[in-house]
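Novice: Just need the whole structure built from these sequences, with the hints factored in.
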Amino acid sequence: MAGDQKPPNTGGSGDVPSGAGQGWTALSYLIGGMLVWGFIGWLVDRWLDTGGVATGIGVVLGMAGGIILVVRRLGTPT
5 MAGDQKPPNT GGSGDVPSGA GQGWTALSYL IGGMLVWGFI GWLVDRWLDT
55 GGVATGIGVV LGMAGGIILV VRRLGTPT
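Numbering follows this note's numbering, with no gaps: position 35 of the sequence shown is 39.
These are computed hints drawn from the structure, not numbers from a lab.
Hints may contain errors.
Pairwise CB distance ranges (calculated) [as the list claims (entries may be wrong)]:
| hint | residue 1 | residue 2 | range |
| --- | --- | --- | --- |
| 1 | 26 | 52 | 34 to 42 Å |
| 2 | 77 | 55 | 30 to 38 Å |
| 3 | 76 | 52 | 30 to 38 Å |
| 4 | 28 | 52 | 33 to 41 Å |
| 5 | 72 | 46 | 19 to 27 Å |
| 6 | 35 | 55 | 18 to 26 Å |
These figures come from a predicted structure and were not determined experimentally.
Ideal Cβ positions, reconstructed from N, Cα and C, are used throughout, including at glycine.
Specialist: This is the structure:
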């Protein structure tokens, strides 16, 4: 009985989260990419006075980068 228990996961760097953890990881990659690159675009807008164009481009690039990260990290089941 006591020997039938699975040892706790150590959380190594190569571990892929399962279940809800994958969803939260994917969501954080997408939102984080949009926020970071959107902010960089906003800074470029302030610098070049482009009227929000660079912010839009930054948000789209951040979303694309987030999708690439999700596919690389979570897309291949082991």
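Novice: So which hints don't hold here, by number, going up?
Specialist: Checked against the structure, no hint fails, so every one of them is satisfied.
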